[in-house]
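2 protein chains.
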Amino acid sequence: MALLVVGSIAFDSIETPGGSVDNALGGSASYFSVAASHFTKPRLVGVVGEDFPDEHRALFAGCHIDTAGLVTRTGQTFKWKGRYHTDMNTRDTLEVHLNVFGEFKPELPAHYSDSQFIFLANSSPTTQLSTLAQIKNPQLVLADTMDLWINIEKGPLLMLLPKIDGLLINDSEAQLLTGENNLVKAGKAVLALGPKFVILKKGEHGAMLFSGPEVFVFPAFPTENVIDPTGAGDSFAGGILGYLASHNHDPIASLQKAIAYGTVVASLTVEGFGLDRLRHVTRLEIENRVKQYRNMLQIG
Amino acid sequence: MALLVVGSIAFDSIETPGGSVDNALGGSASYFSVAASHFTKPRLVGVVGEDFPDEHRALFAGCHIDTAGLVTRTGQTFKWKGRYHTDMNTRDTLEVHLNVFGEFKPELPAHYSDSQFIFLANSSPTTQLSTLAQIKNPQLVLADTMDLWINIEKGPLLMLLPKIDGLLINDSEAQLLTGENNLVKAGKAVLALGPKFVILKKGEHGAMLFSGPEVFVFPAFPTENVIDPTGAGDSFAGGILGYLASHNHDPIASLQKAIAYGTVVASLTVEGFGLDRLRHVTRLEIENRVKQYRNMLQIG
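Protein chains in written order, with my numbering: chain Z, 11 to 310; chain X, 11 to 310.
No lab work stands behind these hints: they were computed from the structure.
Each hint should be verified, as a subset may be incorrect.
[Claimed, not checked] As a list, the in silico DSBU-like pairs of lysine-lysine whose alpha-carbon atoms are at most 30 Å apart:
#1 Z:198 to X:173
#2 Z:267 to X:198
#3 X:301 to Z:195
#4 Z:267 to X:195
#5 Z:164 to Z:146
#6 Z:206 to X:195
#7 X:51 to X:198
#8 Z:301 to X:301
#9 Z:195 to X:91
#10 X:198 to Z:301
#11 X:212 to Z:267
#12 X:195 to Z:91
#13 X:51 to Z:301
#14 Z:195 to X:212
#15 Z:301 to X:195
#16 Z:198 to Z:267
#17 X:267 to Z:195
#18 Z:212 to X:212
#19 Z:212 to X:198
#20 X:301 to Z:212
#21 X:267 to Z:267
#22 X:206 to X:195
#23 Z:212 to X:267
#24 X:206 to Z:301
#25 Z:198 to X:206
#26 X:212 to X:51
#27 X:195 to X:115
#28 X:198 to Z:198
#29 Z:115 to Z:51
#30 Z:301 to X:115
#31 Z:195 to Z:173
#32 Z:198 to Z:212
#33 Z:164 to Z:198
#34 X:195 to Z:212
#35 X:301 to Z:267
#36 Z:195 to Z:115
#37 Z:206 to Z:51
#38 X:115 to X:206
Everything numeric in this text was worked out from a predicted model, so none of it was measured.
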C-alpha cells in the first residue's frame with residue numbers, strides 16, 4: 011500500500027565528539043524515506059533549492075523513492091548545523107537557514123492523493139492540516155511535532171490531533187503539551203487529545219506506545235557504535251510505517267511489531283554519519299537485528 | 011536456598027512534590043529484605059541504635075525476615091533526609107547522619123556462614139570484602155556500589171569485582187568507573203573488570219544486563235503512581251535475588267526472568283512512601299504484574 015511522507019530535505023552540518031560532516035543530505039523526509047525504502051517504495055513530498063546536487067537525487071533514485079513530489083524552487087536548500095555533546099543525547103543547534111523550506115506549502119502530485127499510509131513529518135500543524143486535506147482516503151496517518159509548535163501553534167495542533175491516527179512525540183514535548191511530569195500520565199493525556207495512539211520517544215532509552223487503555227514499552231536496541239544520532243527519530247518513523255505499509259495486517263494490531271522494526275532501523279541509522287549507514291543497510295541486516303531484539307526481550 | 015543481605019538500616023525523611031514522611035524505616039538492607047521476603051526468608055545483617063523502635067522490628071518479623079544478624083549499638087540509628095525534584099528522577103540529599111552505621115564492621119552470626127545467595131548492599135568495598143570473607147561457599151554474590159567508592163576506594167573496589175558474580179551499578183557510576191559515555195561500552199568495560207555479569211540501572215528507564223558476550227535490555231514497568239522512588243534500586247535487587255534463591259534453576263541462566271521480577275517489585279515499591287506499598291504487596295500482585303510486563307514485551 012502506498013506510503014507518503016511530507017517533510018523537510020536539508021543540508022546538515024554535524025559535529026560529534028568523534029568527527030564531523032558538512033552539508034550531508036538530511037531532513038525528516040530524507041531520513042524517513044530512506045528508512046521506509048527498505049520495506050516499500052515511498053512517495054516523497056518536499057522542496058529543495060537550485061543548489062540541490064544530482065548526487066542526492068541519485069541517492070533517492072537508488073533507494074527507489076518516488077520523487078514526483080520533490081519540487082525545486084529558486085533559492086537555497088534548507089541548511090542546519092548542530093553539535094552533539096559528549097553524551098550524544100543532547101545537542102546545540104548552531105545554525106538554521108530555512109531558505110526555500112520556509113515558504114513551502116506542500117502540494118501533492120495528483121497520483122499521490124490515493125496514498126494510504128501518511129507521515130506528516132515535523133512542520134507547522136497548519137501545514138500538516140492542509141497537507142492532510144489533500145489525501146482522499148488515508149488508512150493510517152502518523153504525525154510528528156516539536157516544542158516550537160506546542161508553544162506557538164497549540165490551537166492548530168489541537169485541531170490536528172483528532173484527525174490523525176498516531177502522534178509521535180518525545181518525552182519533554184509530551185510533558186510540555188500536557189503539563190504532566192510522569193511519562194505514563196503524559197502519554198495518556200496526549201492520547202486524550204484525540205489520536206488513536208501515541209508513540210512517546212525517549213531517545214537512547216527507547217519508546218512507549220499508548221494505544222487505547224494499553225501501554226507498551228520498547229527499549230532502544232543497544233548499540234555501542236553511536237556515530238551520529240541525527241535522523242534517529244525520523245528513521246524510527248520510517249521503519250514503523252514502512253513495515254506497516256508493506257504488510258496486509260491490521261495496522262493498529264501490528265503496531266508493536268512495527269515499532270520493533272522502527273527501533274532496529276533507528277539503531278542502524280545512528281551507526282553512521284547522516285545517511286551513510288542507513289542507505290547501505292540490507293533487509294537481511296534489519297531482519298537479523300529484529301531477531302536479536304526479539305531474543306533480548308525474552309524474559310523466560 | 012538461604013539468602014543473605016548485608017547493608018544499612020536507616021530512618022529516612024523524604025520530601026516529594028506530592029508529600030513527605032519523617033523517620034520512615036529505610037536503608038538498603040530494609041528495602042532489599044522486605045522485597046526478597048515475598049519469595050524467601052532472607053537473613054539480615056545490619057546495625058541500629060538504641061532509638062530503633064519495636065514497631066520496625068515487628069515489621070521485619072511480620073515479613074519473616076531472619077534478624078539474628080541485626081545488632082543494636084549504643085548511639086543513634088543512621089538517618090537520611092532527602093528531597094525529590096519535580097521530575098522524581100533526581101533528588102538532593104539534605105542530611106546524612108551515619109551514627110552507628112559509620113563504625114559498623116559486619117560480623118555474621120555463625121549460622122549465616124552457609125548462605126548461598128548474598129547481596130552486599132552499597133558500602134565501602136573494604137567492608138564488602140571483609141563480609142564476603144565470612145561466607146563459606148556462596149553460590150551467587152551480587153554487590154552494589156556508588157560514586158563515592160569509585161572516587162575514594164577504587165583500589166578495594168577493583169579487588170572486589172573479580173570475587174563477585176554480579177555488580178549492580180547505575181548508568182552514571184558505570185560511566186565514572188570506566189570513562190565510557192556509551193552505556194553499552196560502559197557495561198562491557200565494567201564486565202571486563204571481573205564480575206560474571208553486570209546489571210546497569212537506568213532509573214525510570216529500566217536496566218541492562220551484560221552477561222558474557224550478551225546484552226539484554228529491560229524497560230522499567232510503567233507506572234503512573236510514582237509516590238516515592240526511594241528504595242527502588244535495593245528492592246529491585248531484592249526481587250532479583252529473592253526470585254533466584256527461591257528456585258532451583260541455574261541462576262545465571264535465570265537472570266533475565268529474575269530481573270523481570272526485580273523490575274516489577276521496584277515498580278511496586280515506588281507506588282508508596284518508604285516501605286508502605288512494598289510490605290503489603292501480595293505474591294499474586296507480583297505474579298500478575300510480571301504477566302503484564304511479559305505481555306508488554308511481546309512484539310508479535
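Results of checking the hints against the structure:
{"no.": "1", "hint": "Z:198 to X:173", "verdict": "46 Å, violated"}
{"no.": "2", "hint": "Z:267 to X:198", "verdict": "28 Å, holds"}
{"no.": "3", "hint": "X:301 to Z:195", "verdict": "22 Å, holds"}
{"no.": "4", "hint": "Z:267 to X:195", "verdict": "27 Å, holds"}
{"no.": "5", "hint": "Z:164 to Z:146", "verdict": "26 Å, holds"}
{"no.": "6", "hint": "Z:206 to X:195", "verdict": "38 Å, violated"}
{"no.": "7", "hint": "X:51 to X:198", "verdict": "33 Å, violated"}
{"no.": "8", "hint": "Z:301 to X:301", "verdict": "22 Å, holds"}
{"no.": "9", "hint": "Z:195 to X:91", "verdict": "28 Å, holds"}
{"no.": "10", "hint": "X:198 to Z:301", "verdict": "22 Å, holds"}
{"no.": "11", "hint": "X:212 to Z:267", "verdict": "24 Å, holds"}
{"no.": "12", "hint": "X:195 to Z:91", "verdict": "28 Å, holds"}
{"no.": "13", "hint": "X:51 to Z:301", "verdict": "39 Å, violated"}
{"no.": "14", "hint": "Z:195 to X:212", "verdict": "20 Å, holds"}
{"no.": "15", "hint": "Z:301 to X:195", "verdict": "22 Å, holds"}
{"no.": "16", "hint": "Z:198 to Z:267", "verdict": "21 Å, holds"}
{"no.": "17", "hint": "X:267 to Z:195", "verdict": "27 Å, holds"}
{"no.": "18", "hint": "Z:212 to X:212", "verdict": "13 Å, holds"}
{"no.": "19", "hint": "Z:212 to X:198", "verdict": "23 Å, holds"}
{"no.": "20", "hint": "X:301 to Z:212", "verdict": "24 Å, holds"}
{"no.": "21", "hint": "X:267 to Z:267", "verdict": "22 Å, holds"}
{"no.": "22", "hint": "X:206 to X:195", "verdict": "16 Å, holds"}
{"no.": "23", "hint": "Z:212 to X:267", "verdict": "24 Å, holds"}
{"no.": "24", "hint": "X:206 to Z:301", "verdict": "25 Å, holds"}
{"no.": "25", "hint": "Z:198 to X:206", "verdict": "40 Å, violated"}
{"no.": "26", "hint": "X:212 to X:51", "verdict": "28 Å, holds"}
{"no.": "27", "hint": "X:195 to X:115", "verdict": "35 Å, violated"}
{"no.": "28", "hint": "X:198 to Z:198", "verdict": "36 Å, violated"}
{"no.": "29", "hint": "Z:115 to Z:51", "verdict": "23 Å, holds"}
{"no.": "30", "hint": "Z:301 to X:115", "verdict": "49 Å, violated"}
{"no.": "31", "hint": "Z:195 to Z:173", "verdict": "22 Å, holds"}
{"no.": "32", "hint": "Z:198 to Z:212", "verdict": "15 Å, holds"}
{"no.": "33", "hint": "Z:164 to Z:198", "verdict": "18 Å, holds"}
{"no.": "34", "hint": "X:195 to Z:212", "verdict": "20 Å, holds"}
{"no.": "35", "hint": "X:301 to Z:267", "verdict": "19 Å, holds"}
{"no.": "36", "hint": "Z:195 to Z:115", "verdict": "35 Å, violated"}
{"no.": "37", "hint": "Z:206 to Z:51", "verdict": "26 Å, holds"}
{"no.": "38", "hint": "X:115 to X:206", "verdict": "27 Å, holds"}
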